[in-house]
Amino acid sequence: AKICLEIMQRTGAHLELSLAKDQGLSIMVSGKLDAVMKARKDIVARLQTQASATVAIPKEHHRFVIGKNGEKLQDLELKTATKIQIPRPDDPSNQIKITGTKEGIEKARHEVLLISAEQDKRAVERLEVEKAFHPFIAGPYNRLVGEIMQETGTRINIPPPSVNRTEIVFTGEKEQLAQAVARIKKIYEEKGNSLQEILERTGVSVEIPPSDSISETVILRGEPEKLGQALTEVYAKANSFTVSSVAAPSWLHRFIIGKKGQNLAKITQQMPKVHIEFTEGEDKITLEGPTEDVSVAQEHIEGMVKDLINRMDYVEINIDHKFHRHLIGKSG
Numbered sequence: 083a084k085i086c087l088e089i090m091q092r093t094g095a096h097l098e099l100s101l102a103k104d105q106g107l108s109i110m111v112s113g114k115l116d117a118v119m120k121a122r123k124d125i126v127a128r129l130q131t132q133a134s135a136t137v138a139i140p141k142e143h144h145r146f147v148i149g150k151n152g153e154k155l156q157d158l159e160l161k162t163a164t165k166i167q168i169p170r171p172d173d174p175s176n177q178i179k180i181t182g183t184k185e186g187i188e189k190a191r192h193e194v195l196l197i198s199a200e201q202d203k204r205a206v207e208r209l210e211v212e213k214a215f216h217p218f219i220a221g222p223y224n225r226l227v228g229e230i231m232q233e234t235g236t237r238i239n240i241p242p243p244s245v246n247r248t249e250i251v252f253t254g255e256k257e258q259l260a261q262a263v264a265r266i267k268k269i270y271e272e273k274g275n276s277l278q279e280i281l282e283r284t285g286v287s288v289e290i291p292p293s294d295s296i297s298e299t300v301i302l303r304g305e306p307e308k309l310g311q312a313l314t315e316v317y318a319k320a321n322s323f324t325v326s327s328v329a330a331p332s333w334l335h336r337f338i339i340g341k342k343g344q345n346l347a348k349i350t351q352q353m354p355k356v357h358i359e360f361t362e363g364e365d366k367i368t369l370e371g372p373t374e375d376v377s378v379a380q381e382h383i384e385g386m387v388k389d390l391i392n393r394m395d396y397v398e399i400n401i402d403h404k405f406h407r408h409l410i411g412k413s414g
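First residue of the sequence shown: 83, per our numbering; consecutive thereafter.
If you are wondering where the hints come from, they were derived from the structure by calculation, not from laboratory data.
It should be emphasised that the depicted structure is a prediction, and the values quoted were computed from it without experimental measurement.
Just so it is clear, CB atoms sit at the ideal spot from N, CA and C, and this is done for glycine as well.
Incorrect hints may have been included.
[To be verified] For lysine-lysine, the following DSS-like pairs were computed, each having C-alpha atoms within a straight-line distance of at most 27 Å:
| no. | residue 1 | residue 2 |
| --- | --- | --- |
| 1 | LYS141 | LYS84 |
| 2 | LYS154 | LYS184 |
| 3 | LYS268 | LYS150 |
| 4 | LYS84 | LYS150 |
| 5 | LYS150 | LYS213 |
| 6 | LYS213 | LYS161 |
| 7 | LYS268 | LYS256 |
| 8 | LYS341 | LYS308 |
| 9 | LYS179 | LYS141 |
| 10 | LYS308 | LYS342 |
| 11 | LYS267 | LYS256 |
| 12 | LYS342 | LYS256 |
| 13 | LYS256 | LYS355 |
| 14 | LYS355 | LYS366 |
| 15 | LYS141 | LYS114 |
| 16 | LYS268 | LYS348 |
| 17 | LYS267 | LYS203 |
| 18 | LYS308 | LYS213 |
| 19 | LYS267 | LYS150 |
| 20 | LYS268 | LYS184 |
| 21 | LYS154 | LYS114 |
| 22 | LYS84 | LYS184 |
| 23 | LYS184 | LYS165 |
[Stated by the list, open to error] Computed beta-carbon distance windows for the label pairs:
| no. | residue 1 | residue 2 | range |
| --- | --- | --- | --- |
| 24 | GLY363 | LYS267 | 27 to 35 Å |
| 25 | ALA347 | GLY310 | 38 to 46 Å |
| 26 | LEU99 | GLN177 | 47 to 55 Å |
| 27 | PRO331 | SER100 | 52 to 60 Å |
| 28 | GLY285 | MET394 | 22 to 30 Å |
Turn these sequences into a full structure, and let the hints steer you where they fit.
Structure follows, in structure tokens:
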């Protein structure tokens, strides 16, 4: 109560406290919009569990996040109920620290990346994708979109589930950006076609939980008599899709991929619906796609792994740092 009284006195907003049935505390904030936004930020900062995260953007973009007389930064902090710390101009760091609730951090991070994308001298493209398909594009723990960004050198900004936007923003060199957009469209169209086919045949819509949700529940909406047929089709789609893995030491991954991805391209050209994922530091390769295609791709990769292990070996040795330049040689 003392904290709430201090917030009311400082912001001019009116706070009403009530205890919910689950013993949770509800606070209703009323007053002028500016006062309400300031009070909301204070409440979140002082009463809710805080977390922090960092987002890296080019140093020269920091001033655009701050805005004239710091107005942009203040507005962003109020909108997201977060504290945003930007390094001083004489600090070489490009890391911006955001403190707040998980939802607030996601919103603030998204806004900071959008501001940076607007200032980027490279090409920028915006793609409208229905919110329901964002989890498929991001992949589990954002691994899929991370892989696309790494392979194409393109920055891809997907709105978090808590932000009511459908636009995915791409920033990068023109050619690589086009590759990234094409890959995202392919994922979207393949997943979209499956759900749209069910909707067209049965009149039932299928809703998939977002990627950061622990829920495994798929929601079907439609006429009761059509739900049975739609459910059968959903099961059929689920069973026709497989996730598998191949054991392969992480040091072998680049040899399996091949120069400019040539080895991998031979497999993906034959089986374009199979997604092959290499995670840095993990001694495995993950395959996702239609069951039959995954089985064939897995056989190919297992053969490559076996052949490479028979022909190659890997060992780590420690060499004093002062000798590194002699190993690298002039001009590498």
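Quiz item: Hint by hint, which ones does this structure get wrong, listed from lowest number up?
Solution: Hints 1, 3, 4, 5, 8, 10, 15, 19, 20, 26 and 28 contradicted; others consistent.
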